[in-house]
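Protein sequence lines correspond, in order, to chains H and C. No gaps in the numbering here: position 13 of the first sequence is 38 in our numbering, and each next residue is one more. No gaps in the numbering here: position 110 of the second sequence is 580 in our numbering, and each next residue is one more.
Since the hints were derived computationally from the structure, they do not count as laboratory data. Hints are supplied without guarantee of correctness; some may be wrong.
Unchecked claim - In silico DMTMM-like links for lysine to aspartate or glutamate, alpha-carbon gap of 20 Å or less:
| id | chain 1 | residue 1 | chain 2 | residue 2 |
| --- | --- | --- | --- | --- |
| 1 | H | Lys61 | C | Asp723 |
| 2 | H | Lys29 | C | Asp723 |
| 3 | H | Lys48 | C | Glu545 |
| 4 | H | Lys29 | C | Glu717 |
| 5 | H | Lys50 | C | Glu734 |
| 6 | H | Lys28 | C | Asp723 |
| 7 | H | Lys51 | C | Asp723 |
| 8 | H | Lys29 | C | Glu720 |
| 9 | C | Lys512 | C | Glu720 |
| 10 | H | Lys29 | H | Glu60 |
| 11 | H | Lys29 | C | Glu710 |
| 12 | C | Lys661 | C | Glu717 |
| 13 | H | Lys28 | C | Glu573 |
Said to hold, decoys possible - Quick list of the computed label-pair ranges, beta carbon to beta carbon:
| id | chain 1 | residue 1 | chain 2 | residue 2 | range |
| --- | --- | --- | --- | --- | --- |
| 14 | H | Tyr72 | C | Glu640 | 45 to 53 Å |
| 15 | C | Asn699 | H | Asn54 | 22 to 30 Å |
| 16 | H | Ile56 | C | Leu644 | 21 to 29 Å |
| 17 | H | Asp71 | C | Arg577 | 30 to 38 Å |
| 18 | H | Asp69 | C | Asp724 | 51 to 59 Å |
| 19 | H | Lys61 | C | His572 | 17 to 25 Å |
| 20 | C | Leu722 | H | Val68 | 51 to 59 Å |
| 21 | H | Glu66 | C | His572 | 44 to 52 Å |
| 22 | C | Leu706 | H | Ser70 | 39 to 47 Å |
| 23 | C | Gln707 | H | Asp71 | 33 to 41 Å |
Since the structure is predicted, the reported quantities are computational estimates derived from the model, not experimental observations. Ideal placement from N, C-alpha and C gives every residue a C-beta, glycine not left out.
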Amino acid sequence: MAKKIQVRIYPDGRIEAVTKGIKGKKCTNYIGLIEKLVNAETVDSDYTEEYYETEEVIVEETVEAKITENR
Amino acid sequence: MSISLTLIPLALALTVVLGKDRTTEIVRQKEIPLKANLAEEKEVIETMQRCGFQTEKAGSRLKTELGDGHFFFWEKRGGAWHALFSVYDPAPVVHGFMKTVHERAGRIIFEDAGEQTAVEERTEGIEAGHEFHGPGAGTSGLGGEKTASFQTNFRDRALLEQVLRDNGMEPVDLGDGNIKVELADAALIFKQEAPGDTITVEISSETDMRTIFRHLAIVDDEYKRYVQNQVYEHLLQQVEQRGLVIEQEEVLDDHSILLTINLE
């Protein structure tokens, strides 16, 4: 899934923002960007399911490459 | 989804997010909402006008003129339209209005007897049998000078000045960082100790505060609407500057603006 930010600006001025497609702790790297995009400060945050997921690591290819290298 | 944030624009006080919207809280303490048997905005306007009461949109609310300087707002709460009277409204005016509406509409508009009792108990100058004939009739409000001071939801002074001007209130710079606005027979002084601080308002009024509170509620609504627009415009600017793409944009039923920004 492509990396996205979904922003909702309420009629009373409140803003909610959600990152999508960004797994693990990397999502927290985007907090500063989001604040700059909307010129606002974060007052509350919640980690969602993706935060606890890790990005897929292609272990098999890496190991095979090392084996080939060592021959 | 990975992280969900709640943010507050720099132009708004934190209390908005915490659900302790001060201006709204103060206004609502003085309110007596009467639930009406009217489903849609159009129905409210048409019914009131058919009964002889001019009604028009006022921000996110409707405003009905009762004549002689009296008026009240309508707001949709919990899916139903409510007429918002206040503790300062003279009971004869409210009773007369309700009686007139029921007669001219040919049906019961305000059904809840309990709410009508609340009007009787909380408003002053109860007089039995008063009939309201429409614009031109009415009673005077409370007397005596009153002063009140409380914090608002505003933090951006320039934005507040713009909102005041756009709503027919001409702000005067007092030269000490404060702004003064004359409204009816009241003087409102908006004070901000330092840029970015929450603005407080001091109100001095010769008569009751209801008119002032109602105008402030409108200013509060309008200010937040301007903030929403300001945030949106800023976001568009930032997206363009950073070479990002807005994949989707829509306005939701509650007038929220929902945007999806592609980061890749």
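Quiz item: Tell me, which hint numbers fail for this structure?
Solution: Going through the list in order, the structure violates hints 1, 2, 3, 6, 7, 9, 12, 13, 16, 17, 18, 19, 20, 22, 23 and respects the others.
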